[in-house]
Amino acid sequence: MIDLSVSLGRLRLKNPILVASGTFGYAKEMAGVVDFARLGGVIPKTVTRHPRAGNAPPRTFETPSGMLNAIGLDNDGIDHFIHYHLPYLRTLPTAVIANIAGESEDDFVAMAEQIGREPGLAALELNLSCPNVAGGIDFAIDPDLTGRVVQRVRAVCPLPLIAKLTPNVTDVVPVAQAAAKAGADALSLVNTFVGMAIDWKRRKPILGNVTGGLSGPAIKPLALRLVWRVARNVKVPVLGIGGIATLDDVMEFLVAGASAVQLGTVNFYDPTASVRIVDALPGGLASLGADSVREVIGTLRTG
Amino acid sequence: MTSLVHATVPVGENVRLARDTYRIRLDCPDLARAIRPGQFLMVRLPGSTDPLLGRPFALYDTILDGTGQPAGVDVVYLVVGKLTGLLKEVRASESVTVWGPLGNGFPDLPPLEQVGLVAGGIGQTPFLAHIRELLGGRGYGGRPAQQTAQRVSLFYGVRTADLAAGVDDFRAAGADVHLASDDGSVGFRGFVTQRLQQHVPRPAHLVGCGPEPMLKALAELACEWGVPCHLSLETPMACGLGVCFSCVTKVRTAAGWDYRRVCVDGPVFDVQALCW
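Protein chains in written order, with numbering that gives the first Met the number 0: chain B, 0 to 302; chain H, 0 to 275.
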């Protein structure tokens, strides 16, 4: 029997395969598509303090082996989330990790305090890094801001905390270290890489928001390197994200140092991939002679 | 929620109907049994990440086997980009990946004298199954055939004659077909909504699918006539499932408007709900 369970700080998961925020709706949309009980965890779409209409369409655009998105945190706000989505989410037979984004430190603190009182959540992920929100602050470009938000949230919210970081920085390690030092139980990386697409004939940007975040298989090598660097240099566990779509991708991220992974864009184009990967995971571990996920995490041989 | 079919299925045939327009037949009984007119499915080419995403296509019609059981699904598509360019090269017995049924489908209508269906460009594709359903030729999604319209008139506008696809199918299903073309090479010369305006008697219900300017003209006409009207929208989609929030359109709400997902709240909307 191969042990698929993993621990990320105070958070324990039955397996390391989660679905990423913004790629799985509020889970209800995927009932009848995915057997939630099989997943290590579900992270619903980012919630903000107040309702947000989101960006004008077009909101997504396909690129070679990838896609750009600029949804703009379209959501109905935290009160609606708690009253409308959370009652369903807390019935799911898997770990549910809420994801919040604030436009200010105080937003994060207020939401974390509010959501921390709700039963049925396994952890809280802080979206410190949405690239598509005008007026908001991209907290995770700054180690000090990141540390302050994590520390203040930690003081008011009893849930295990995950800080979701942006790759759009010169060096992600200082930001990751700041989040860890401030008390994050784990780090999620990476969010999307900022990019753009242009219709040169009309001399117009294709996305309504002009720029968007690149995701999908195209970003996997970039994400893999960042996960590897952070896992080597920061003491807290890492949830790897970035173009993961197959068992091989998962194994690569585990070996690079991720303790768990989040599947994102693949949920759009291969909606049952998550469950198939969970099924295949014991075979992948067995092929390395491992009896548990833990045995392969961070075992990259660079010598 | 009903279960979704997500499968890699064999292609029965993939034939040219008109210029740049093809009909692909997918051997997928589970999907054929469940899907209703106005709903759609996502189609993706397996084994490649370029193109990465599936594309939404309306149900053209279901295909029945020798015993009358749903066995397959027909989709009609216009070659416009990377995926459709590759799709037209797919041969019989090769496979494509599909998921569906998706979206709400056309609403059930009360018994009516005449329903007018208004199509522009490739917007005719959802209407074949709808014609059969309205005239009681066939039931879909496990429901028995039941006639609700005495007559179905299809107003179908194209840029030019050789782009008209499926006209024989629409006539065979029992609709009277009124063509319009921008250049006058077939039918009425001008916009399909202008052709509709000349039609007597006025349909008791209108359904539109096509480019946005056509839909807006239809919406105005329906409003002027006081005739109920539903529109089937086409927007770029990444998932078709309601999880990506790409395909939004502005819908009226108590507070003004909000973006709603075309894939799960549509693709068929009452024209009065849309905020254009």
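In short, the hints are calculated from the structure, not lab data. Do not take every clue at face value.
Among the chain H residues that face chain B by a calculated CB cut under 8 angstroms, a handful are [said to hold, decoys possible]: (1) V226; (2) C243; (3) D257.
Calculated pairs, SDA-like style, for lysine to any residue (alpha carbon to alpha carbon, straight line, at most 20 angstroms) [claimed, not checked]: (4) H:K81 / B:G8; (5) B:K27 / H:D264; (6) B:K180 / B:G8; (7) H:K249 / B:W199.
Covered stretches of chain H (chain B as the covering partner; in silico rule of three or more C-beta atoms under 8 angstroms from a C-beta of chain B) [what the hints assert, rightly or not]: (8) 6 to 16; (9) 215 to 222.
Ideal placement from N, C-alpha and C gives every residue a C-beta, glycine not left out.
Going through the hints against the structure:
1. Below 8 angstroms, beta-carbon pairs count as interface contacts, and H:V226 has none with chain B, the closest being about 28 angstroms; its hint is therefore violated.
2. Because the smallest distance between the Cβ of H:C243 and any Cβ of chain B comes to about 5 angstroms, under 8 angstroms, the interface hint for this residue holds.
3. Given hint, H:D257 at the interface with chain B, holds; its Cβ is 6 angstroms from that chain's nearest Cβ, closer than 8 angstroms.
4. The hinted pair formed by H:K81 and B:G8 fails the criterion: a straight-line CA distance of about 45 angstroms is larger than 20 angstroms.
5. For a cut-off of 20 angstroms, the pair hint linking B:K27 to H:D264 stands: about 14 angstroms separates their Cα positions.
6. The straight-line distance between the Cα atoms of B:K180 and B:G8 is roughly 13 angstroms, inside the 20 angstroms bound, and the hint therefore holds.
7. Of the supplied pair hints, the one linking H:K249 and B:W199 is violated, its CA atoms being roughly 27 angstroms apart against a limit of 20 angstroms.
8. Remark: the stretch 6 to 16 of chain H is not confirmed as covered by chain B, as 0 of its residues place a Cβ nearer than 8 angstroms to a Cβ of that chain, below the required three.
9. With 0 residues carrying a beta carbon less than 8 angstroms from a beta carbon of chain B, the stretch 215 to 222 of chain H misses the three-residue requirement, and the given coverage is violated.
Hint check: violations occur at hints 1, 4, 7, 8 and 9; the rest are consistent with the structure.
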